[in-house]
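In order, the protein sequence lines correspond to chains Z and C. Just so we're aligned: 212 in the numbering used here is position 212 of the first sequence, and the numbers increase by one with no gaps anywhere. For any residue, its number in the numbering used here is found by taking its place in the second sequence, counting from 1, and adding 313.
Quick caveat, the hints were computed from the structure, so don't treat them as lab data. Hints may contain errors.
[Unchecked claim] Below, a list of computed lysine to any residue pairs in the SDA-like style, where the Cα atoms sit at most 25 Å apart:
#1 Z:Lys83 - Z:Trp174
#2 C:Lys475 - C:Asp577
#3 Z:Lys144 - C:Val440
#4 C:Lys390 - C:Glu423
#5 C:Lys736 - Z:Leu66
#6 C:Lys458 - C:Arg408
#7 C:Lys537 - Z:Asp54
#8 Z:Lys144 - C:Gly571
#9 C:Lys723 - Z:Gly261
#10 C:Lys723 - Z:Gly258
#11 C:Lys431 - Z:Lys144
#12 Z:Lys144 - C:Asp399
#13 Z:Lys303 - Z:Leu289
#14 C:Lys549 - C:Asp577
#15 C:Lys652 - C:Arg408
#16 C:Lys723 - Z:Ala262
#17 Z:Lys116 - Z:Leu127
#18 Z:Lys144 - C:Asp577
#19 Z:Lys118 - Z:Asp54
#20 C:Lys475 - C:Val504
#21 C:Lys736 - Z:Ser74
#22 C:Lys719 - Z:Glu172
#23 C:Lys736 - Z:Val48
#24 Z:Lys144 - C:Lys652
#25 C:Lys431 - Z:Ile270
#26 C:Lys736 - Z:Ile270
#27 C:Lys431 - Z:Arg276
#28 Z:Lys83 - C:Glu732
#29 C:Lys652 - C:Val440
#30 C:Lys361 - Z:Glu60
#31 C:Lys503 - C:Asp575
#32 C:Lys740 - Z:Gly258
#33 C:Lys431 - Z:Lys119
#34 C:Lys719 - Z:Ser171
#35 Z:Lys119 - Z:Trp174
#36 C:Lys431 - Z:Asn115
#37 C:Lys740 - Z:Gly72
#38 C:Lys657 - C:Lys719
#39 C:Lys431 - Z:Gly258
Quick caveat, the model's predicted, so the values are computed rather than measured.
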Amino acid sequence: MGRNKNQEKTGERFAYQEVKEAASAIPFLLPSVIGMIIFSLLPIIISVFISLTDWNGLEELDIYTLSSHFIGLSNYIDILRGKEFWAVLSNTCYYIVLYIPMVLVSALGIATLLNKGKKGTSVFRILYYIPVLTSWVAASLIWKWVLSPQYGILNQLLGIIGIQGPDWLTSEIWAMPAIVLASVWKDMGFFGLFLLSGLASIDKTYYEAAIVDGAGKIKVFLKITLPLLTPSLFFCLVMALINAFQLFPQVMIMTEGGPNGATQVMVERIYAYGFRYFKMGYAAAFSWLLFLIIFILTSIQMKLQKGWVHYES
Amino acid sequence: MKQKTAKKILVFGLLISMAASFIGCGNGSEKKAETPPSKSADEEITIKFANFNASGGNEETLDAMYQAFQSEYPNIKVEIETIGYDDYFTQMQTRVAGGTAPDCYELNIENFAAYAAKGVLAEIQGVDTGKINETALEAFHVDGKQYGIPGCFSNVVLIYNKDLFDQAGLGYPEADWTWDDVQAAAETIKVLGDDIYGIYAPTTYNEFFKVAAQYGGALLNEDKTEFTINSEANRKAAEMMIDRIVGSNVQPTESQMGGMGDWDLFESGRLGMIPTGIWAFGAFAEACDFDWDICVEPGGSQKATHFFSNAYVVNADSEKGEAASLWVNWLASSQEAAKLRIEKGWDLPAITDESVLSAYLEVTPPDNRQAVFDSLDYLVTPPIIEEYSLMSDIISGKLGEAASGKLTAKEALDQAQAECESKINLK
Numbered sequence: 001m002g003r004n005k006n007q008e009k010t011g012e013r014f015a016y017q018e019v020k021e022a023a024s025a026i027p028f029l030l031p032s033v034i035g036m037i038i039f040s041l042l043p044i045i046i047s048v049f050i051s052l053t054d055w056n057g058l059e060e061l062d063i064y065t066l067s068s069h070f071i072g073l074s075n076y077i078d079i080l081r082g083k084e085f086w087a088v089l090s091n092t093c094y095y096i097v098l099y100i101p102m103v104l105v106s107a108l109g110i111a112t113l114l115n116k117g118k119k120g121t122s123v124f125r126i127l128y129y130i131p132v133l134t135s136w137v138a139a140s141l142i143w144k145w146v147l148s149p150q151y152g153i154l155n156q157l158l159g160i161i162g163i164q165g166p167d168w169l170t171s172e173i174w175a176m177p178a179i180v181l182a183s184v185w186k187d188m189g190f191f192g193l194f195l196l197s198g199l200a201s202i203d204k205t206y207y208e209a210a211i212v213d214g215a216g217k218i219k220v221f222l223k224i225t226l227p228l229l230t231p232s233l234f235f236c237l238v239m240a241l242i243n244a245f246q247l248f249p250q251v252m253i254m255t256e257g258g259p260n261g262a263t264q265v266m267v268e269r270i271y272a273y274g275f276r277y278f279k280m281g282y283a284a285a286f287s288w289l290l291f292l293i294i295f296i297l298t299s300i301q302m303k304l305q306k307g308w309v310h311y312e313s
Numbered sequence: 314m315k316q317k318t319a320k321k322i323l324v325f326g327l328l329i330s331m332a333a334s335f336i337g338c339g340n341g342s343e344k345k346a347e348t349p350p351s352k353s354a355d356e357e358i359t360i361k362f363a364n365f366n367a368s369g370g371n372e373e374t375l376d377a378m379y380q381a382f383q384s385e386y387p388n389i390k391v392e393i394e395t396i397g398y399d400d401y402f403t404q405m406q407t408r409v410a411g412g413t414a415p416d417c418y419e420l421n422i423e424n425f426a427a428y429a430a431k432g433v434l435a436e437i438q439g440v441d442t443g444k445i446n447e448t449a450l451e452a453f454h455v456d457g458k459q460y461g462i463p464g465c466f467s468n469v470v471l472i473y474n475k476d477l478f479d480q481a482g483l484g485y486p487e488a489d490w491t492w493d494d495v496q497a498a499a500e501t502i503k504v505l506g507d508d509i510y511g512i513y514a515p516t517t518y519n520e521f522f523k524v525a526a527q528y529g530g531a532l533l534n535e536d537k538t539e540f541t542i543n544s545e546a547n548r549k550a551a552e553m554m555i556d557r558i559v560g561s562n563v564q565p566t567e568s569q570m571g572g573m574g575d576w577d578l579f580e581s582g583r584l585g586m587i588p589t590g591i592w593a594f595g596a597f598a599e600a601c602d603f604d605w606d607i608c609v610e611p612g613g614s615q616k617a618t619h620f621f622s623n624a625y626v627v628n629a630d631s632e633k634g635e636a637a638s639l640w641v642n643w644l645a646s647s648q649e650a651a652k653l654r655i656e657k658g659w660d661l662p663a664i665t666d667e668s669v670l671s672a673y674l675e676v677t678p679p680d681n682r683q684a685v686f687d688s689l690d691y692l693v694t695p696p697i698i699e700e701y702s703l704m705s706d707i708i709s710g711k712l713g714e715a716a717s718g719k720l721t722a723k724e725a726l727d728q729a730q731a732e733c734e735s736k737i738n739l740k
């Protein structure tokens with residue numbers, strides 16, 4: 001009995017010790033946790049309620065205002081019934097279909113080149129990463145100039161090899177590819193860096209064994225590098241998809257959604273409804289739909305990864 | 314020991330509730346606690362004023378105006394806040410919604426419409442607005458009440474390249490020209506060269522409501538209860554605007570512009586005429602190495618010229634509305650402020666006193682600056698409705714499709730009419 005009691009006591013003491021340790025962490029966590037609660041968590045929760053109202057974004061925001069503007073799920077129904085949401089969604093999907101393969105392939109290309117460890121790679125590593133650090137505003141303005149049909153450097157280069165470049169940003173067909181081009185240029189360094197660290201972490205012995213077995217370069221890449229890189233590729237794919245759905249600054253500056261709505265995307269519409277048309281409830285509903293889409297697609301990716309991502313055990 | 318943990322939980326709970334109170338849901342009780350403003354004239358009042366127009370070069374001018382105001386009204390102190398245009402409207406919207414808007418502030422015409430309709434502005438009362446241009450004042454009149462004071466104004470005139478007119482052997486545009494005269498001149502100028510164009514006028518909502526007025530049309534019926542976007546007169550206006558691009562091509566298409574701005578095209582000496590704002594004078598005086606001048610904008614069956622103005626407004630929640638009205642009215646219409654505005658080349662005060670305005674006429678080019686004032690006889694103001702930006706985006710979008718040849722002018726207006734009717738509820 002006595003022994004049992006003793007055991008219980010140590011057990012209790014052990015649990016208490018843990019609680020005490022956790023409790024002592026609270027003061028250190030508080031500054032950032034409070035910041036998160038006030039500036040992220042609460043706004044997120046409040047936006048759910050806003051999305052159920054026709055609040056205009058100008059009347060003082062309090063519980064009374066929200067309840068007097070309550071309209072249930074009307075915003076969501078209106079959005080899903082209207083043509084605009086689907087048009088904007090298909091523009092976004094068009095962007096994604098072009099952007100994701102291009103950005104991942106070029107990031108993989110960069111990573112493979114930089115991984116060879118030849119002379120000057122550190123310089124190139126910086127060069128590829130500079131666009132990532134550049135602000136989108138500056139980058140968009142430069143791309144606008146690069147893509148200018150008559151005087152832009154891109155069409156002049158195309159002219160040298162005898163191709164008549166299109167009117168990029170003012171053409172309904174080419175405006176979205178042009179934005180994809182700028183986005184790939186800006187983001188490939190970011191993903192390249194992740195893939196590079198993925199490449200660097202692949203155990204060299206695999207390569208040595210493959211070479212001993214007489215595997216060619218292409219075979220080594222396909223059978224060893226690529227499978228072992230899948231965890232990094234998976235991460236990049238998820239990030240790129242989320243990024244792509246949040247496409248905004250480059251569109252805002254390069255085309256403002258034009259020509260004729262060809263580059264209107266989700267976030268641009270959310271901004272317009274919230275801050276130009278003063279329909280904050282509608283904008284909030286729009287952003288929750290965006291969240292749902294991203295959430296569902298990311299969950300699907302998480303499920304599908306079992307089929308193609310190899311984690312080294 | 315347990316007590317200590319309980320204490321920690323208590324502290325944590327307190328912090329959370331403090332955080333929650335930050336969100337400020339307690340407005341109801343605050344309002345009841347208001348004390349009526351003091352009537353004593355000697356007591357010092359401090360008001361807050363926010364604006365965007367002074368940013369980027371005129372902060373000091375505004376400050377000098379305030380100094381002059383202070384010597385006249387020593388008991389009213391104004392805390393001036395100048396915010397850049399890019400951030401201004403999102404910031405102001407958040408502050409109005411959060412109940413922390415300044416006592417008085419500046420709004421452009423698009424936002425004015427929405428703010429006034431949403432009841433967050435106070436009626437301007439108890440000040441003498443007699444010195445202000447009437448059309449300008451009327452622009453900020455909603456349901457018979459004055460909700461804003463025009464702080465300044467700009468209008469649009471026809472600017473033309475004299476050298477191109479000389480080369481084409483044409484007489485310069487006159488105040489009595491119509492768009493037919495312009496078309497004829499533009500065609501003659503176009504012949505001068507492959508990359509020379511006769512005229513450039515944007516195919517946007519802003520241009521359209523004015524040209525519509527020149528043909529006797531309007532976007533709304535008289536009492537603003539119905540859209541009249543595809544009316545007969547409006548169709549004539551739109552056809553004229555679209556035909557000079559896709560028909561006679563005296564105005565370049567977007568791809569012919571090649572991403573160039575319209576001002577750049579004029580400055581490069583390859584454009585005969587451009588109806589544009591008087592705020593272009595400075596840029597053109599600097600960049601054009603040819604002679605240019607201005608005249609009152611041509612019309613259709615009648616004349617109509619643009620008028621742009623920003624409003625000074627008073628916050629409906631302000632307890633110092635009187636002092637705020639006094640300050641913004643002084644800023645808009647006093648001689649001292651008007652003189653400073655012109656002297657520093659900021660913009661034109663919307664006042665009627667010509668003796669103050671005469672200083673403006675002395676600066677050249679353009680020689681015919683008088684046309685700026687002559688244009689005031691034909692001012693039209695944009696149709697103010699609550700969902701102003703939505704209406705303007707819909708119309709601009711459809712006109713853009715027409716300008717690129719995807720729709721005819723008639724189809725564009727019919728579609729714009731249908732879309733506005735379905736999306737906008739005119740009360």
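Verification of the supplied hints:
1. In summary, the hint linking Z:Lys83 to Z:Trp174 is supported, as the alpha carbons are separated by about 22 Å, within the 25 Å threshold.
2. A threshold of 25 Å between alpha carbons decides the hint, and for C:Lys475 with C:Asp577 the separation of about 17 Å falls inside it, so the pair holds.
3. The hinted pair formed by Z:Lys144 and C:Val440 fails the criterion: a straight-line CA distance of about 49 Å is larger than 25 Å.
4. Note on C:Lys390 and C:Glu423: the hinted pairing is violated, with a Cα-Cα distance of about 29 Å set against a maximum of 25 Å.
5. For the proposed pair C:Lys736 and Z:Leu66, the alpha carbon gap of about 23 Å is at most 25 Å, so the pair holds.
6. Of the supplied pair hints, the one linking C:Lys458 and C:Arg408 holds, its CA atoms being roughly 24 Å apart against a limit of 25 Å.
7. With a C-alpha separation of about 23 Å, the suggested pairing of C:Lys537 with Z:Asp54 holds against the 25 Å cut-off.
8. Restraint check: the Cα-Cα separation between Z:Lys144 and C:Gly571 comes to about 11 Å, which is no more than 25 Å; the hinted pair holds.
9. Proximity of C:Lys723 to Z:Gly261 is assessed by CA-CA distance (about 20 Å); at most 25 Å being required, the pair is judged to hold.
10. Of the pairs offered as hints, the one joining C:Lys723 and Z:Gly258 holds, with about 21 Å between alpha carbons and a cut-off of 25 Å not exceeded.
11. Only pairs whose Cα atoms come within 25 Å are accepted, and C:Lys431 paired with Z:Lys144 is rejected, the gap being roughly 38 Å.
12. About 20 Å separates the Cα atoms of Z:Lys144 and C:Asp399, which keeps this hinted pair within 25 Å; it holds.
13. For the given pair, Z:Lys303 sits about 21 Å from Z:Leu289 by alpha-carbon distance, which is consistent with the 25 Å threshold.
14. The straight-line distance between the Cα atoms of C:Lys549 and C:Asp577 is roughly 29 Å, outside the 25 Å bound, and the hint therefore fails.
15. Using a Cα cut-off of 25 Å, the hinted pair C:Lys652 and C:Arg408 is violated, with the two alpha carbons roughly 32 Å apart.
16. For the hint pairing C:Lys723 with Z:Ala262, the CA-to-CA distance comes to about 22 Å; that is within 25 Å, so the pair holds.
17. With a C-alpha separation of about 16 Å, the suggested pairing of Z:Lys116 with Z:Leu127 holds against the 25 Å cut-off.
18. Taking the CA atoms of Z:Lys144 and C:Asp577, the gap is about 16 Å. The hint holds against a cut of 25 Å.
19. With a C-alpha separation of about 60 Å, the suggested pair Z:Lys118 and Z:Asp54 falls outside the 25 Å cut-off, and the hint is violated.
20. At roughly 16 Å between alpha-carbon atoms, C:Lys475 and C:Val504 fall within 25 Å of each other, so this suggested pair holds.
21. Note on C:Lys736 and Z:Ser74: the hinted pairing holds, with a Cα-Cα distance of about 14 Å set against a maximum of 25 Å.
22. For the suggested pair C:Lys719 and Z:Glu172, the alpha carbons sit about 11 Å apart, so the restraint of at most 25 Å is met.
23. Simply put, C:Lys736 and Z:Val48 have alpha-carbon atoms about 24 Å apart, close enough for the 25 Å limit, and the pair holds.
24. The suggested pairing of Z:Lys144 with C:Lys652 is violated, with an alpha-carbon distance near 41 Å, which exceeds 25 Å.
25. Annotation: proposed proximity of C:Lys431 to Z:Ile270 holds, straight-line Cα distance about 20 Å (limit 25 Å).
26. Between the alpha carbons of C:Lys736 and Z:Ile270 the distance comes to roughly 16 Å, so the proposed pair stays at or under 25 Å and holds.
27. Proposed proximity of C:Lys431 and Z:Arg276 is supported: the alpha carbons are some 14 Å apart, at most 25 Å.
28. Distance check on the hinted pair: Z:Lys83 and C:Glu732 sit about 11 Å apart at the alpha-carbon level, within 25 Å; holds.
29. Among the hinted pairs, C:Lys652 with C:Val440 is consistent with the structure: their alpha-carbon atoms are about 20 Å apart, no more than 25 Å.
30. About 19 Å separates the Cα atoms of C:Lys361 and Z:Glu60, which keeps this hinted pair within 25 Å; it holds.
31. A threshold of 25 Å between alpha carbons decides the hint, and for C:Lys503 with C:Asp575 the separation of about 16 Å falls inside it, so the pair holds.
32. As the CA atoms of C:Lys740 and Z:Gly258 are separated by approximately 30 Å, the hinted pair breaks the 25 Å bound.
33. Between the alpha carbons of C:Lys431 and Z:Lys119 the distance comes to roughly 65 Å, so the proposed pair goes past 25 Å and is violated.
34. Proposed proximity of C:Lys719 and Z:Ser171 is supported: the alpha carbons are some 12 Å apart, at most 25 Å.
35. Taking the CA atoms of Z:Lys119 and Z:Trp174, the gap is near 38 Å; set against the 25 Å cutoff, the hint is violated.
36. This hinted pair does not check out: C:Lys431 and Z:Asn115 have alpha carbons roughly 60 Å apart, beyond 25 Å.
37. Straight-line distance between C-alpha atoms of C:Lys740 and Z:Gly72 comes to about 22 Å, which keeps the hinted pair within the 25 Å bound.
38. At roughly 46 Å between alpha-carbon atoms, C:Lys657 and C:Lys719 are farther apart than 25 Å, so this suggested pair is violated.
39. At most 25 Å may separate the alpha-carbon atoms for a hinted pair to count; C:Lys431 and Z:Gly258 exceed this at roughly 30 Å.
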